[in-house]
Amino acid sequence: MFDILGNLALGFTVALTLKNLALCFAGCLIGTLIGVLPGVGPIATIAMLLPITYGLDPIGALIMLSGIYYGAQYGGSTTAILVNIPGEATSVVTTLDGHQMAKQGRAGVALGTAAIASFFAGTFATLVVAGLALPMTALALKFGPSDRFALMVMGLVFAVVLARGSVPKALAMIVLGILLSTIGTDGETGEDRMTFGIPQISDGLDFAVIAMGIFGFAEILKNLENPEARDVVRGTIGRLLPSRDDLRASAAPAMRGTLLGSFLGILPGNGAVLAPFASYTLEKRIAKDPSRFGNGAIEGVAGPEAANNAGAQTSFIPLLTLGIPPNAVMALMVGAMTIHGLIPGPQIMSKQPQLFWGLIASMWIGNLMLLIINLPLVGLWVRLLKVPYRLMFPAILLFCCIGIYSIGNKPEDVMMTAAFGFIGYSLLKLGFEPAPLLLGFVLGRLMEENLRQAMSKAGATLLSLFDSPLAASLLVFSAVLLMLAVLPAVRKSREEVFQE
Amino acid sequence: MVKSPQDFAAGLVLIAIASIAWISTLGLPFSQVGGVGSGMLPKSTALILGGLGLLIVVGSLISEGPPLERWSVRDAAMVLGGVLAFALTIRGTPLPALGFNIPALGLAVAGPLAVLIAAQADRSTRLIEVVIFAVVLTALCIILFRFLLGLPIPVFPPLLGY
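Heads up: the protein sequence lines correspond to chains A and B, in order. Per this note's numbering, the first sequence runs over residues 248 to 747. Per this note's numbering, the second sequence runs over residues 48 to 209.
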């Protein structure tokens with residue numbers, strides 16, 4: 248316990264420096280600013296803003312990126328409540344009751360409740376992250392390469408099972424991501440792999456280029472095609488602070504949502520995406536009068552918003568302790584860390600305690616800032632939401648162009664991103680969900696590295712992967728899980744979960 | 048008969064990608080002395096990808112599914128064309144095959160160019176509005192990225208001596 252407090256104190260000395268506070272603030276503000284735009288989710292927001300953090304020192308960059316992430320999440324909820332357009336899967340649930348509340352003239356209360364519930368969840372989740380960091384890291388240090396390989400396989404299988412749509416298609420996206428990660432010169436043997444004689448890709452594909460092409464440009468094309476009727480709430484936002492009754496009604500749901508979200512977020516393979524759905528279902532089940540849900544029930548905002556934020560935060564745990572990103576957003580974080588020469592994994596905490604604990608402390612500060620920034624700035628977000636898309640998308644496009652160019656001052660990168668924009672658009676047209684591709688791309692490199700280490704012993708065969716009992720059981724578990732997901736009965740109940 | 052055209056096409060695309068990957072990694076060893084060869088991961092993923100493609104194609108013959116979606120070729124061409132215009136003009140591009148070079152124009156020209164081309168993808172775009180918007184936006188970007196963040200992005204054509 249004292250360890251945790253001491254470590255958090257260390258973290259706060261790092262996070263509370265003027266520079267890091269400013270970066271955290273800027274991250275939250277810009278993240279919300281971009282995240283509020285309809286149709287731009289956290290993945291696209293982070294991908295877009297990644298290059299502006301390249302010039303910072305590693306800790307500053309990570310603090311700013313996490314701020315951008317929370318900001319984008321919160322911006323997505325704002326859009327969900329005010330415009331009825333979810334920025335990402337996790338804010339779908341918020342549209343149900345949040346937008347109803349807004350229509351009843353209680354937009355302010357919905358936003359306020361979401362902000363307070365998120366802050367509560369964020370505070371709790373920060374403590375969970377801090378508390379689990381030491382034991383998880385100790386555990387992770389015991390893992391051998393075959394264990395890590397098996398963990399990654401399990402994470403990918405989870406990502407497939409939790410992805411929307413058909414299982415073979417989600418699996419195909421992950422495998423395609425892994426395949427793309429092998430393009431370029433093999434780090435160990437120096438052989439060219441699938442470079443087709445193009446010198447620009449001999450160092451491998453750039454992660455930011457793929458992310459921005461598939462999530463930035465392809466999203467724009469998709470949005471242009473489906474011009475949603477934007478239903479921006481007219482009239483007043485109303486007061487922001489929930490009344491005593493509102494607070495009483497939302498306290499318990501927020502707490503339950505926080506617990507659910509914190510737990511689901513730790514799971515490998517994007518468990519966090521389930522959290523708001525699970526919370527909403529739970530609240531509806533235990534409510535005295537379930538018919539209120541969908542008609543502006545405040546519990547339906549407080550619970551899922553808390554779950555959403557808690558899950559967003561605890562999904563840092565697998566990344567920071569095991570070095571395995573659980574979802575596409577965390578995969579982007581890996582990309583950012585690698586650019587700064589950091590290898591995510593258990594050694595970060597021992598070798599760079601300032602960075603590790605500073606990041607965790609900044610999570611809480613970021614949550615506090617969101618509360619402070621967002622409530623007074625609601626008016627600004629509403630005005631931003633009224634900017635027509637015909638002006639918004641060229642602006643986003645130009646930011647992306649400048650961002651990619653700035654990665655390495657190479658116009659070729661910009662062209663390559665356009666190519667990936669086309670690829671991403673084609674994937675969407677063929678009914679693929681591209682988020683798992685990014686996860687596969689990042690994990691592909693880590694997997695190959697661990698596979699090599701695991702099999703570098705003399706006389707190693709593929710069976711050596713099952714040498715350690717942990718690795719063997721994880722691999723068997725993943726295989727069973729995958730099999731179950733393909734079976735029709737499970738597929739049906741899985742669909743039901745996503746329906747709700 | 049094909050019951051799910053979208054899946055049918057998706058599966059075929061996967062098979063095509065897998066075949067290209069397989070053929071281009073033919074020369075890479077699957078394993079080598081001391082463990083994993085450079086070909087193991089690409090070849091095995093290509094194999095799995097091809098298998099999944101086949102599975103999806105077979106599935107599309109059995110169960111009903113969504114039709115092929117219409118592609119908005121014009122929109123895509125405009126948006127990605129704007130991006131390409133930016134890439135080609137920001138620092139200039141030599142095109143020896145065509146016998147001329149695209150001059151380096153800097154952000155001051157490449158920015159509005161990209162915005163104006165991309166904006167054509169939306170039919171509700173109004174010319175005067177978007178021209179003013181492009182200029183103002185580019186000016187803000189120059190202030191933000193070049194002067195506040197200090198990114199080394201060229202701003203004006205070198206002819207103007209900056």
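Because the hints were derived from the structure by calculation, they are not lab data. Nothing here was measured: the structure is a model prediction, and the numbers come from that model. Virtual Cβ for every residue (Gly too), placed ideally from N, Cα, C. Please note that the accuracy of each hint is not assured.
[Claimed, not checked] Coverage of chain A stretches by chain B, computed from C-beta distances (three or more under 8 Å per stretch; other residues unrestricted):
1) 410–422
2) 557–563
3) 636–642
4) 654–664
5) 670–680
6) 684–698
To see whether the hints hold, each was checked on the structure:
1. 410–422: holds (count 6)
2. 557–563: violated (count 0)
3. 636–642: holds (count 6)
4. 654–664: holds (count 6)
5. 670–680: Result for this restraint: holds, n = 6.
6. 684–698: holds (count 4)
In this structure, only the earlier hint numbered 2 is contradicted, and the remaining ones agree with it.
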